[in-house]
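Take the sequence shown: its position 50, counted from the start at 1, is 794 in my numbering, and no numbers get skipped.
To be clear, the hints were calculated from the coordinates, so they are not data collected in a lab.
Be aware that one or more of the hints could be misleading.
Derived BS3-like pairs: lysine-lysine, alpha-carbon spacing no greater than 27 angstroms straight-line [unchecked claim]:
id: 1; residue 1: Lys809; residue 2: Lys796
id: 2; residue 1: Lys756; residue 2: Lys796
id: 3; residue 1: Lys831; residue 2: Lys809
id: 4; residue 1: Lys796; residue 2: Lys831
What follows is a list of derived Cβ distance ranges for each label pair [as the list claims (entries may be wrong)]:
id: 5; residue 1: Asn820; residue 2: Thr780; range: 19 to 29 angstroms
id: 6; residue 1: Glu767; residue 2: Gln847; range: 41 to 51 angstroms
id: 7; residue 1: Glu767; residue 2: Thr805; range: 34 to 44 angstroms
id: 8; residue 1: Ala801; residue 2: Thr762; range: 20 to 30 angstroms
id: 9; residue 1: Gln845; residue 2: Pro772; range: 32 to 42 angstroms
id: 10; residue 1: Val823; residue 2: Thr780; range: 15 to 25 angstroms
id: 11; residue 1: Gln845; residue 2: Gly770; range: 43 to 53 angstroms
For clarity, every value in this text was computed on a predicted model and none was experimentally measured.
Beta carbons: idealized from backbone N, C-alpha and C, even for Gly.
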Amino acid sequence: MQQTNEMTGGAKFTFGLTRAATEREGFPVSHQCLATIDLGAREPMRSTDMAKVVADAEIVTSLLKDHPDEMVALFNSIVAGRDGEAKEIATRLGLNEESFQRQEGGMWFWIGMVGVVILGCVAFGCDQ
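Could you put the whole structure together from the sequences, leaning on the hints where they help?
Written out as structure tokens, the structure reads:
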């Protein structure tokens, strides 16, 4: 996480996906996709936002339970860099912000933040 943002005075949250390397001219080459969210551009999170976070978590949980094969295929498509295939699966499952908002959710960013914190704690042993 970058700490200072000259435009808004807030922090930026950057996350990314690095694809498996493929050989190009004898060298392993990886493709990386990064996204940066300017946290300072949004008002601070409020307790009322938690209802949307809970709704998003329930929607994702429901998709994992009801469509496990498609969710695995989506994950594998993303990791393999098959963006068109991933978009097709996500569209079919309704994995988009508009669909989440219709179901009283729409806080993907905050779910991502929670996921990063949990992953970090698992990977780096925050419980120690």
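These are the hints, each one checked on the structure:
{"no.": "1", "hint": "Lys809 - Lys796", "verdict": "holds, 20 angstroms"}
{"no.": "2", "hint": "Lys756 - Lys796", "verdict": "holds, 22 angstroms"}
{"no.": "3", "hint": "Lys831 - Lys809", "verdict": "holds, 20 angstroms"}
{"no.": "4", "hint": "Lys796 - Lys831", "verdict": "holds, 23 angstroms"}
{"no.": "5", "hint": "Asn820 - Thr780: 19 to 29 angstroms", "verdict": "holds, 26 angstroms"}
{"no.": "6", "hint": "Glu767 - Gln847: 41 to 51 angstroms", "verdict": "holds, 43 angstroms"}
{"no.": "7", "hint": "Glu767 - Thr805: 34 to 44 angstroms", "verdict": "holds, 39 angstroms"}
{"no.": "8", "hint": "Ala801 - Thr762: 20 to 30 angstroms", "verdict": "holds, 26 angstroms"}
{"no.": "9", "hint": "Gln845 - Pro772: 32 to 42 angstroms", "verdict": "holds, 41 angstroms"}
{"no.": "10", "hint": "Val823 - Thr780: 15 to 25 angstroms", "verdict": "holds, 21 angstroms"}
{"no.": "11", "hint": "Gln845 - Gly770: 43 to 53 angstroms", "verdict": "holds, 48 angstroms"}
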